[in-house]
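If you want the building blocks of each chain, they are given just below.
2 protein chains.
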Amino acid sequence: MSDRLVIVGGVAAGAKAAATARRRNPAANILVLQQETDVSYSSCGLPYHLAAPEEIPRSRLVARTSETFRADGIDMRTRHRVEEIDAKQAIVTIRDLNSARRYTESYDKLLIATGAEASRLKTAASLTAPPIVQLRTLADADHLVTCLTGVRKLVILGGGYIGLEMAEAACKLGLDVALVEMAPRVIPSFDEAVARMVEAMLRKHGVELFTGARVVELDRGHVVLDNGVRIQTDMVLAATGVRPCTALATAAGVDLGSTGAIAVSPQMTTNVEHVYAAGDCVESRHVLTDRPVWMPLGDVANRQGRVAGINMAGGHASFPGVLGTAIFKVFELAVARTGLGLAEASAASFFPVRETIRMPSRARYIRESKTLQLHLTVDQHSGRVLGCEAVGEDAVDKTIDIMAAAIWGKLTAADLFDLDLAYAPPFSPVLAPVQAAGEVLNKAISTTRLSAEPSVSRDTP
Amino acid sequence: MSDRLVIVGGVAAGAKAAATARRRNPAANILVLQQETDVSYSSCGLPYHLAAPEEIPRSRLVARTSETFRADGIDMRTRHRVEEIDAKQAIVTIRDLNSARRYTESYDKLLIATGAEASRLKTAASLTAPPIVQLRTLADADHLVTCLTGVRKLVILGGGYIGLEMAEAACKLGLDVALVEMAPRVIPSFDEAVARMVEAMLRKHGVELFTGARVVELDRGHVVLDNGVRIQTDMVLAATGVRPCTALATAAGVDLGSTGAIAVSPQMTTNVEHVYAAGDCVESRHVLTDRPVWMPLGDVANRQGRVAGINMAGGHASFPGVLGTAIFKVFELAVARTGLGLAEASAASFFPVRETIRMPSRARYIRESKTLQLHLTVDQHSGRVLGCEAVGEDAVDKTIDIMAAAIWGKLTAADLFDLDLAYAPPFSPVLAPVQAAGEVLNKAISTTRLSAEPSVSRDTP
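Note that the protein sequences, when read in sequence, are chains A and B. Throughout the first sequence, residue numbering follows full-length UniProt numbering, covering 1 to 461 in sequence. Throughout the second sequence, residue numbering follows full-length UniProt numbering, covering 1 to 461 in sequence.
Bear in mind the hints are in silico, worked out from the structure with no lab data behind them. Mixed in with the good hints there might be a few duds.
Claimed, not checked - DSSO-like mimics (lysine-lysine), calculated; alpha carbons at most 27 Å apart, straight line: (1) Lys370(A) <-> Lys443(B); (2) Lys410(A) <-> Lys410(B); (3) Lys204(B) <-> Lys370(B); (4) Lys443(A) <-> Lys370(A); (5) Lys410(A) <-> Lys204(B); (6) Lys443(A) <-> Lys410(B); (7) Lys370(B) <-> Lys443(B); (8) Lys172(A) <-> Lys370(B); (9) Lys153(A) <-> Lys122(A).
From just these sequences and the hints, can you work out the full model?
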């Protein structure tokens, strides 16, 4: 009497769910259907593999191979695509991409972990257009490696995480790089000051930057922008965002949420009985706003996959939601965020105050010390810390993670100042950036309370 | 009608209190009496100055000079020692160390910030004994610099933070170094596994190690141990601990606490009216146990000085206590702790479970990734995280600070796993060490609850 668990997708959430269900229930009958050749690999590692293929060969990105899964008694079928879910009969229809054979399998519990896909470029392209590539899967990376031979100039479309990480990777490969972003600045969801620092870093490394510009045509070895600029290039990398893969789910009657991704309960169940969903194809609850957000990130997918795996194996687990924490690196600069910005906090009925501070990352006399810039959001009524963006060349990840733990613990600005953090000159200034943030936010709250005026983006030296 | 604030001591707590009081109350009459020539310097930076005096000259350790204080209207008198406090008359008796003149000053509010001093070595020393130095003040460092000329071999007594940091500094200066520790291992308050890693690191860098050994004599260019070993040396650095400077306070009727340091309220007041105390001479409340602990650390002193300064200037502030967070570096290794160990937690009536985990500090395929080892304490009744020791060559400070914030927020093991931390391969593995810790602790709690047996130091791969 062992349940038959069928999992659609085997990269992050799917692979994690399969491995977790196996550990929890050695008797479970587990089938994973993965349309790609590769399973359980780090999508987030692709730019690092491309930048240094000898140091980080593709095999290092693979956490567990198909063989490992099979050795654990998981029926891992790669190049098998699920084309239809019949939820009434609890059957999936599968296409074996090797033989083109179509067949069905039944399930007791089904997990939809179909992930997200790169947005398609909708631009007129002539026959002489430069080749367009994208970077979402390990196969994309393989394709890129073969295409790169002979390429000297690369145009990247999109100034989000992937575009920026690939700009760095391409520079490290010795390519000339131009980056085109539709919005007036790169990473438009971040504070403008942060975006400007990223842009300065790109220019410092020789990346040509075109912001507020839209591609209208790809023609005769050129990218043509709406402002008339023609950029000669050997190749175009489209990094213009991702969207959740939901067609299979919706065809089976699975509801999407307001973000356009699949709506799930904290137990990762959907509205359809016996059908779970997890990873980049689902939306999450924002812990601070209690509203749905779509966070297609590897760590979220992994943790959701674990929750789905436990529950499908008969256990009890919940995914508590997210704070919207994210980080990326572009050359020497790290950029990260957690929690809410000013506009998001206002929209969620907080009374936010925003402050900016700059602090040394370590004792000033330590060589590795760099300036760390924090953009902070606090609720002036409760004093609760709501959000932080951090940018700098040192201690960005540390600071954001302390903030994420503080926000999770519902700490106030006063608490931030009171935190007993680890001080020694090689690791922190005597007043840590997080404590300094607490002091500044506390002052801002009192000032704002007195003046009853919102305080926005005041700077402190 | 401005208060006369008199502050005894001008290094960390005293200097911070003076600067804070000045900012809070521009009219206050502030007098600082500092027996040393230097003020407001980083004691914690001394080993780094000594190791690289050209990169970190002594001037860089000074946060604010006497002149800066005076320019702020603070009457900063250096080389003036307070010899007596008459709390009934609210008068201090001062010795001007330049002229030997003795005089008095009255106060409305007094701060005792006399700090701590190096323990004296009580060992028979012949006339031909190698010179003994210590490292507590900037003047000690100056003295050490002059003494070091011609020194090729240094014996360090004491395997605590200062002894270890100085072992590294001396190695960097090209000296032969031996370290002697009475206890069976260095840093005896840490987990034995952590101490063994530190010892291995010392040996890797050529430091000769003598543990479980007591110095019985200094004679004819040698340190003589109780096990009969004679270590030839040109100089001895005594780093055998510190003790609070409390003589001035006790003579004035100020009560000490059970730790031997001055007992203070969260407002930094003592039992004597109008007399405050802060910094290395006072004890703190441990936030988890509600018991007094003595934590002579620079960051604690600074924050206590700030609280004292605010209150002395007529404001309202409290020092909330400590978690016992501390960190130090020895060669490539960082070692840190926060919260309670197993014995401390049991003594404080918790029901602690202890676990050890090893995790990569970043995605395994990132060159900078190193193994991070965590020793964790959790309360099996409440699930609350109680403590963490961390050791490794990367992300130790980050991990301890996340843990410190989590413990401050009363987070449970389950919360640790749920934290939304920042993931990208250059910064963290997809399951962060703190999240992995949460998972392991959670499992340990359930297992222990089932078996009703304490679980100690189980390792996970």
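Hints, one by one, checked against the model:
| no. | hint | verdict |
| --- | --- | --- |
| 1 | Lys370(A) <-> Lys443(B) | violated, 39 Å |
| 2 | Lys410(A) <-> Lys410(B) | holds, 10 Å |
| 3 | Lys204(B) <-> Lys370(B) | holds, 17 Å |
| 4 | Lys443(A) <-> Lys370(A) | holds, 25 Å |
| 5 | Lys410(A) <-> Lys204(B) | violated, 44 Å |
| 6 | Lys443(A) <-> Lys410(B) | holds, 25 Å |
| 7 | Lys370(B) <-> Lys443(B) | holds, 25 Å |
| 8 | Lys172(A) <-> Lys370(B) | holds, 24 Å |
| 9 | Lys153(A) <-> Lys122(A) | holds, 22 Å |
Checked against the numbered hints above, the structure breaks hints 1, 5 and satisfies the rest.
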